[in-house]
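Residue numbers (our numbering), protein chains in the order written: chain B, 1 to 279; chain E, 1001 to 1279.
Source of the hints: derived by calculation from the structure; they are not laboratory data.
Mixed in with the good hints there might be a few duds.
Derived DMTMM-like pairs (lysine to aspartate or glutamate); straight-line CA-CA distance at most 20 Å [stated by the list, open to error]:
no., chain 1, residue 1, chain 2, residue 2
1, B, LYS97, B, GLU121
2, B, LYS85, E, ASP1082
3, E, LYS1047, E, ASP1082
4, E, LYS1097, B, ASP215
5, B, LYS86, B, GLU121
6, B, LYS87, E, ASP1125
7, E, LYS1222, B, GLU121
8, E, LYS1203, E, GLU1241
9, B, LYS259, E, ASP1125
2 protein chains.
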Amino acid sequence: MDSLTPATSSQKEALLRRYGASGLPAAGPWNEAIAAMLDHRSVRGYKPDPVPPGTLETMVAAAQSAATSSNMQWTSVIAVSDPAKKKVLAEIAGNQKHIEQCPLYLCWVADMTRNAVISAEQKVDFETMPWLETFMVACIDVALAAQNAVVAAESIGLRTVYIGAMRNDPERVAALLGLPKQSFVVFGLCVGYATAEAAGEVKPRLPQSIVVHHDAYDGDAKAAERKAYDGEMATFAARHEMQASTWTQRVLNRLGPLKSMNGRERMRVALKTLGFEVR
Amino acid sequence: MDSLTPATSSQKEALLRRYGASGLPAAGPWNEAIAAMLDHRSVRGYKPDPVPPGTLETMVAAAQSAATSSNMQWTSVIAVSDPAKKKVLAEIAGNQKHIEQCPLYLCWVADMTRNAVISAEQKVDFETMPWLETFMVACIDVALAAQNAVVAAESIGLRTVYIGAMRNDPERVAALLGLPKQSFVVFGLCVGYATAEAAGEVKPRLPQSIVVHHDAYDGDAKAAERKAYDGEMATFAARHEMQASTWTQRVLNRLGPLKSMNGRERMRVALKTLGFEVR
């Protein structure tokens, strides 16, 4: 589109890496912050070098600056540096060695305890606590906060990877970190400098024509666009020796068999044990 | 701490605005991207000026660059510009006029339909779909994506506010936007330029001493720190004619009575109607 900001070559390269030639979107506003976000890749190998002094403080300040529903601030962060604890967390996550390796490992907690304490102190029953909606809001709050922290870290040259596999065994994680009732580790986050081997590259995503809708959901399955994306992912997978070659195949592998959940179909039971009713 | 990057005056001011003098954290790494995040405030009044050309494309590129669990890409975005639809959405949200006012209104969708289509096409049963864990992952994916979009928008001088109140009536929102089964608007987002009256200011957050833990959850209720924060919020509230004066009071008002949920205790029923089992 002529009316758009002309793409600089670095912007065009960034969009090409993210979407491939087949899915290139129009070039809009651009700056260093946006370029850093576009350059995200999840990194699973870290140098032993420590993060710069004050990194945790800056990441948390960014995290707390994200929107939080009604200013309830459901997020807590546990920075885990004890090697013995990191080892157990890596095991729980199916032997993800980068949890032990990374210089900064953060567990992001949906912390409904802090508010429950106020309920107890003030002797006011909190009728809103046991509902699915409230639990969802807490998880969303945590995700918004963590993502700001990720953007802050990556803007200073650090790399990250979220560790959803903390949810493989929520009770064991909670016990290890001494969580009180009504707190729950939503995910972990490795932070550090990527090793050369693990630096990776930007993974292509679905074209915007599939993801963006106008005024109403476009029900067209967009077979041609999806096929083109399968092609982009197959090329990417071939370069990275990934098992599934196309996105379609990856979706089938990941969402088809129950065993791919690594026991996380227990989530409701686990949450109940941890003090969340999720009614 | 002496070992930390010396704070520039603008960094110190930004941290003061976010935490107040009582909760000032150590000054860590800093740059424009981080400064923009620290300067976030939710804005509820917008000029009619359109957003720059290509803003939607850049926001979505940033959104899609966020981590997504197993690359499942659960997020869809519906850009709503039809004034009649915006009017209804504003009503659903309890007459939030900024939904009608803002030049760009985005509904962020947990889109499990896209993957369900693959299940149907390939005649493979997706055993992982009906579980709470899978639903949580989709919501978290959407939140990570949306937050990147927010950071991108705010980095170019736009302002935003999340509209959780799309969940006041999920079925009506879904019908209005023609969502298929297994898609659900997690929240809306207003984007545009703030009016002078609505520009607002940075809202103080809990001190990091309450939010950050090391190796284990610190169960200390930190009464003194919380009281100091109540003081910061009381000062802020007095400047902004907010009803609740302290954070403690706001928590009591928001989490105590069921009626403050605006009917969202129905979420499980609503989701079931929309094709989510959340087992």
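Against which earlier hints does the structure fall short, listed by number upward? 1, 2, 5 and 6
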